[in-house]
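Engineer: As given, the protein sequences belong to chains B and P, one line each in that order. Using the numbering used here, the letters of the first sequence correspond one by one to residues 1 to 114. Using the numbering used here, the letters of the second sequence correspond one by one to residues 1 to 114.
Worth flagging that the hints you see were computed from the coordinates, not collected in a lab. Hints are not guaranteed to be accurate.
[Unchecked claim] Taking lysine-lysine pairs in the DSBU-like style, the calculated list, with each CA pair at most 35 Å apart, reads:
| # | chain 1 | residue 1 | chain 2 | residue 2 |
| --- | --- | --- | --- | --- |
| 1 | B | Lys15 | P | Lys56 |
| 2 | B | Lys57 | B | Lys17 |
| 3 | P | Lys70 | P | Lys42 |
| 4 | P | Lys113 | P | Lys42 |
| 5 | P | Lys113 | B | Lys17 |
| 6 | B | Lys11 | P | Lys56 |
| 7 | P | Lys67 | P | Lys2 |
| 8 | P | Lys56 | P | Lys2 |
| 9 | P | Lys56 | P | Lys67 |
| 10 | B | Lys57 | B | Lys15 |
| 11 | B | Lys15 | P | Lys70 |
| 12 | B | Lys15 | P | Lys42 |
| 13 | P | Lys56 | P | Lys42 |
| 14 | P | Lys70 | B | Lys11 |
| 15 | P | Lys2 | B | Lys11 |
| 16 | P | Lys2 | P | Lys42 |
| 17 | P | Lys67 | P | Lys42 |
| 18 | P | Lys2 | P | Lys113 |
| 19 | P | Lys113 | P | Lys56 |
| 20 | B | Lys17 | P | Lys2 |
| 21 | P | Lys70 | P | Lys113 |
| 22 | B | Lys11 | B | Lys57 |
| 23 | B | Lys11 | P | Lys67 |
| 24 | P | Lys67 | P | Lys113 |
| 25 | P | Lys70 | P | Lys56 |
| 26 | B | Lys57 | P | Lys113 |
| 27 | P | Lys113 | B | Lys11 |
| 28 | P | Lys2 | P | Lys70 |
| 29 | B | Lys15 | P | Lys67 |
[Stated by the list, open to error] Derived CB-CB ranges, DEER-like:
| # | chain 1 | residue 1 | chain 2 | residue 2 | range |
| --- | --- | --- | --- | --- | --- |
| 30 | B | Pro61 | P | Ser28 | 42 to 52 Å |
| 31 | B | Thr70 | P | Arg77 | 44 to 54 Å |
| 32 | P | Ala17 | B | Glu14 | 38 to 48 Å |
| 33 | B | Ser9 | P | Thr109 | 15 to 25 Å |
| 34 | B | Pro61 | P | Thr109 | 17 to 27 Å |
| 35 | B | Asp18 | P | Ser40 | 25 to 35 Å |
| 36 | B | Glu44 | P | Thr109 | 14 to 24 Å |
| 37 | P | Lys56 | B | Thr78 | 33 to 43 Å |
| 38 | B | Asn52 | P | Ala29 | 41 to 51 Å |
| 39 | B | Ser9 | P | Thr111 | 23 to 33 Å |
| 40 | P | Ser12 | B | Glu44 | 36 to 46 Å |
Positions of the beta carbon are idealized from the N, C-alpha and C atoms, including for glycine.
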Amino acid sequence: GAGVSQSPSNKVTEKGKDVELRCDPISGHTALYWYRQSLGQGLEFLIYFQGNSAPDKSGLPSDRFSAERTGGSVSTLTIQRTQQEDSAVYLCASSLEFSTGELFFGEGSRLTVL
Amino acid sequence: QKEVEQDPGPLSVPEGAIVSLNCTYSNSAFQYFMWYRQYSRKGPELLMYTYSSGNKEDGRFTAQVDKSSKYISLFIRDSQPSDSATYLCAMSAVGDTNAGKSTFGDGTTLTVKP
Numbered sequence: 001g002a003g004v005s006q007s008p009s010n011k012v013t014e015k016g017k018d019v020e021l022r023c024d025p026i027s028g029h030t031a032l033y034w035y036r037q038s039l040g041q042g043l044e045f046l047i048y049f050q051g052n053s054a055p056d057k058s059g060l061p062s063d064r065f066s067a068e069r070t071g072g073s074v075s076t077l078t079i080q081r082t083q084q085e086d087s088a089v090y091l092c093a094s095s096l097e098f099s100t101g102e103l104f105f106g107e108g109s110r111l112t113v114l
Numbered sequence: 001q002k003e004v005e006q007d008p009g010p011l012s013v014p015e016g017a018i019v020s021l022n023c024t025y026s027n028s029a030f031q032y033f034m035w036y037r038q039y040s041r042k043g044p045e046l047l048m049y050t051y052s053s054g055n056k057e058d059g060r061f062t063a064q065v066d067k068s069s070k071y072i073s074l075f076i077r078d079s080q081p082s083d084s085a086t087y088l089c090a091m092s093a094v095g096d097t098n099a100g101k102s103t104f105g106d107g108t109t110l111t112v113k114p
């Protein structure tokens, strides 16, 4: 597709369950980012992948959060043992290799933890 | 104190009005300044992108950056109901570790009434 694709668009889960969120970036974009947006809040940086470099995980809020990017393309964000405070919209973005801030976002995955 | 401060509004104006949206920041390393527009339940989309100080105009939109005051603005002329959205400012610094890893404001919600 032409844009960043995320799935699922909505996910409702029970506290303590694991969830996986998927992101397919724009073809040719080597940089990929995950952000979290809580209700009425701005975007909180989570993790950043650039080519074959080690990811920048500095924004991950706890060790329950992890992400991987396979083959330099599709990325999966995994949240283990979900908590209610994990409820948010998880946004994926991609950019060209040497972007200095021009991000292209997907529609987001809305996670609700009951 | 947050690195980027943005008045959350909400801001309501009549159609045709000039809208002024603003952000202040504290990190003098920020060199790239962006404005994103986010419609309800959608991902943010890049609206304006500016490097360093100065003005940039694109149609009805003008972005201004005053680095000496650490203050950025977005002006919307002849506002339309279709401009009703949340506007997020974002900033990033120069350097490999920061490229694309933007810091966002919390967003200002704008409603343009017909």
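Engineer: Now look at each hint and say whether the structure bears it out.
Structural biologist: Against the structure, the hints come out as follows:
Between Lys15/B and Lys56/P the CA atoms are separated by roughly 47 Å; this puts the pair beyond 35 Å, and the hint is violated. With a C-alpha separation of about 22 Å, the suggested pair Lys57/B and Lys17/B falls inside the 35 Å cut-off, and the hint holds. For a cut-off of 35 Å, the pair hint linking Lys70/P to Lys42/P stands: about 29 Å separates their Cα positions. Taking the CA atoms of Lys113/P and Lys42/P, the gap is near 21 Å; set against the 35 Å cutoff, the hint holds.
Between Lys113/P and Lys17/B, the direct Cα distance comes to roughly 43 Å. Violation of the 35 Å bound is thereby established for this hinted pair. Between Lys11/B and Lys56/P the alpha-carbon distance is near 40 Å, which puts this suggested pair outside the 35 Å criterion. Pair hint Lys67/P plus Lys2/P holds up; C-alpha atoms about 17 Å apart against a cutoff of 35 Å. A distance of roughly 26 Å separates the Cα atoms of Lys56/P and Lys2/P; the hinted pair therefore holds under the 35 Å criterion.
Restraint check: the Cα-Cα separation between Lys56/P and Lys67/P comes to about 14 Å, which is no more than 35 Å; the hinted pair holds. This hinted pair checks out: Lys57/B and Lys15/B have alpha carbons roughly 24 Å apart, not beyond 35 Å. Taking the CA atoms of Lys15/B and Lys70/P, the gap is about 42 Å. The hint is violated against a cut of 35 Å. For a cut-off of 35 Å, the pair hint linking Lys15/B to Lys42/P stands: about 26 Å separates their Cα positions.
At roughly 26 Å between alpha-carbon atoms, Lys56/P and Lys42/P fall within 35 Å of each other, so this suggested pair holds. For the given pair, Lys70/P sits about 39 Å from Lys11/B by alpha-carbon distance, which is inconsistent with the 35 Å threshold. A threshold of 35 Å between alpha carbons decides the hint, and for Lys2/P with Lys11/B the separation of about 30 Å falls inside it, so the pair holds. For the given pair, Lys2/P sits about 25 Å from Lys42/P by alpha-carbon distance, which is consistent with the 35 Å threshold.
At roughly 31 Å between alpha-carbon atoms, Lys67/P and Lys42/P fall within 35 Å of each other, so this suggested pair holds. Distance restraint check for Lys2/P and Lys113/P: the Cα-Cα separation of roughly 31 Å lies within the 35 Å cut-off, and the hinted pair is therefore satisfied. This hinted pair checks out: Lys113/P and Lys56/P have alpha carbons roughly 26 Å apart, not beyond 35 Å. For the hint linking Lys17/B to Lys2/P, the alpha-carbon distance of about 32 Å falls within 35 Å, and the restraint holds.
A hinted pair counts as satisfied when its Cα atoms are at most 35 Å apart, and Lys70/P with Lys113/P qualifies at roughly 31 Å. About 24 Å separates the Cα atoms of Lys11/B and Lys57/B, which keeps this hinted pair within 35 Å; it holds. Restraint check: the Cα-Cα separation between Lys11/B and Lys67/P comes to about 42 Å, which exceeds 35 Å; the hinted pair is violated. About 33 Å separates the Cα atoms of Lys67/P and Lys113/P, which keeps this hinted pair within 35 Å; it holds.
Distance check on the hinted pair: Lys70/P and Lys56/P sit about 17 Å apart at the alpha-carbon level, within 35 Å; holds. With a CA separation close to 42 Å, the supplied pair Lys57/B and Lys113/P exceeds the 35 Å bound. Restraint check for Lys113/P and Lys11/B: the C-alpha separation of about 34 Å stays at or below 35 Å, so the hint holds. With a C-alpha separation of about 13 Å, the suggested pairing of Lys2/P with Lys70/P holds against the 35 Å cut-off.
Distance hint between Lys15/B and Lys67/P is unfulfilled; the C-alpha atoms sit about 45 Å from each other, more than 35 Å. A hinted range of 42 to 52 Å for the beta carbons of Pro61/B and Ser28/P is inconsistent with their spacing of about 27 Å. Take Thr70/B and Arg77/P: their Cβ atoms lie about 46 Å apart, and the range 44 to 54 Å holds. One distance hint, 38 to 48 Å for the beta-carbon pair Ala17/P and Glu14/B, holds here, with the actual separation near 47 Å.
Ser9/B and Thr109/P have their C-beta atoms about 22 Å apart, which keeps the hinted 15 to 25 Å range intact. Remark: the range hint 17 to 27 Å for Pro61/B to Thr109/P is upheld by a beta-carbon distance near 25 Å. Distance hint check for Asp18/B and Ser40/P: the Cβ-Cβ separation is about 29 Å, which falls inside the suggested range of 25 to 35 Å. At about 18 Å, the beta-carbon gap between Glu44/B and Thr109/P stays in the expected band of 14 to 24 Å.
Roughly 39 Å separates the CB atoms of Lys56/P and Thr78/B, a value that falls within the hinted 33 to 43 Å. The hinted range of 41 to 51 Å is not satisfied by Asn52/B and Ala29/P, whose Cβ atoms lie roughly 26 Å apart. In this structure, Ser9/B and Thr111/P meet the distance hint of 23 to 33 Å, their C-beta atoms being roughly 25 Å apart. Taken as a hint, the range 36 to 46 Å is violated for the pair Ser12/P and Glu44/B, whose Cβ atoms sit roughly 27 Å apart.
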